[in-house]
Amino acid sequence: MKSMMRRAAIVVASCGGAGYFPVAPGTAGSAVGIVVDRLLRAALSPLLHGMAILAISWAGTVAATAVEKDLARKDPSVVVVDELAGMLLAVYLLPLSWFGLAVGFVLFRL
1 MKSMMRRAAI
11 VVASCGGAGY
21 FPVAPGTAGS
31 AVGIVVDRLL
41 RAALSPLLHG
51 MAILAISWAG
61 TVAATAVEKD
71 LARKDPSVVV
81 VDELAGMLLA
91 VYLLPLSWFG
101 LAVGFVLFRL
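For what it's worth, the numbering used here labels the leading residue of the sequence shown as 1, then goes sequentially.
In case anyone wonders, no lab produced these hints; they're calculated from the structure.
Keep in mind it's a predicted model, so treat the numbers as computed, not measured.
Cβ coordinates follow ideal geometry from the N, Cα and C atoms, glycine included.
Be aware that a few hints might be false.
What the hints assert, rightly or not - Each pair of labels, with its calculated beta carbon distance range: (1) K2 x G100: 15 to 23 angstroms; (2) S45 x K69: 15 to 23 angstroms; (3) R6 x W98: 35 to 43 angstroms; (4) A102 x G16: 18 to 26 angstroms; (5) V35 x L93: 14 to 22 angstroms; (6) R109 x W58: 22 to 30 angstroms; (7) S45 x A72: 38 to 46 angstroms; (8) R38 x A59: 14 to 22 angstroms; (9) M4 x P95: 38 to 46 angstroms; (10) K2 x A102: 39 to 47 angstroms; (11) A72 x L48: 18 to 26 angstroms; (12) P46 x M5: 31 to 39 angstroms; (13) V106 x L39: 31 to 39 angstroms.
Kindly produce the complete structure, drawing on both the sequences and the hints.
Structure follows, in structure tokens:
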């Protein structure tokens, strides 16, 4: 059971493996944020969308803390869920087209 929880924490903290991207894993985590934002916008009301962002942020914090402890490193590069949560929060409630979201992505990364 412990190894299953460990694996779940790694999957969440690395945004499904985006944190293992060999170049700029944080940027990969932010790119996952674009996809997740589009899915949340399509499926949920703005209120539920906001609640989902809070839930992702909470689960990401718990998972990131567990992975940091497991790896015995502070802020390991594999942990990119903070980039996902930050990207979601940065564009929340903004009426963005795909172009606007791309501009938001670049500005968020800068």
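Cross-check of the supplied hints:
1. Remark: the range hint 15 to 23 angstroms for K2 to G100 is contradicted by a beta-carbon distance near 44 angstroms.
2. For S45 and K69, the hinted distance range of 15 to 23 angstroms is not satisfied, since their beta carbons lie about 36 angstroms from each other.
3. A hinted range of 35 to 43 angstroms for the beta carbons of R6 and W98 is consistent with their spacing of about 36 angstroms.
4. Hint check: A102 to G16, Cβ distance near 21 angstroms, so the stated range 18 to 26 angstroms holds.
5. Range check, V35 to L93: about 18 angstroms between beta-carbon atoms, so the 14 to 22 angstroms window is met.
6. Checked against the hint of 22 to 30 angstroms, the pair R109 and W58 passes, with Cβ atoms roughly 24 angstroms apart.
7. Between S45 and A72 the Cβ separation comes to about 42 angstroms, which falls inside the hinted range of 38 to 46 angstroms.
8. For R38 paired with A59, a C-beta distance near 20 angstroms keeps the hint of 14 to 22 angstroms intact.
9. A C-beta distance of roughly 40 angstroms is found between M4 and P95, which places it inside the suggested range of 38 to 46 angstroms.
10. Checked against the hint of 39 to 47 angstroms, the C-beta distance between K2 and A102 comes to roughly 41 angstroms, which is consistent with it.
11. Checked against the given bound of 18 to 26 angstroms, the beta carbons of A72 and L48, roughly 37 angstroms apart, lie outside it.
12. For P46 and M5, the Cβ-Cβ distance of about 33 angstroms falls inside the hinted range of 31 to 39 angstroms, so the restraint holds.
13. Our hint of 31 to 39 angstroms for V106 and L39 is violated, since their Cβ atoms are close to 21 angstroms apart.
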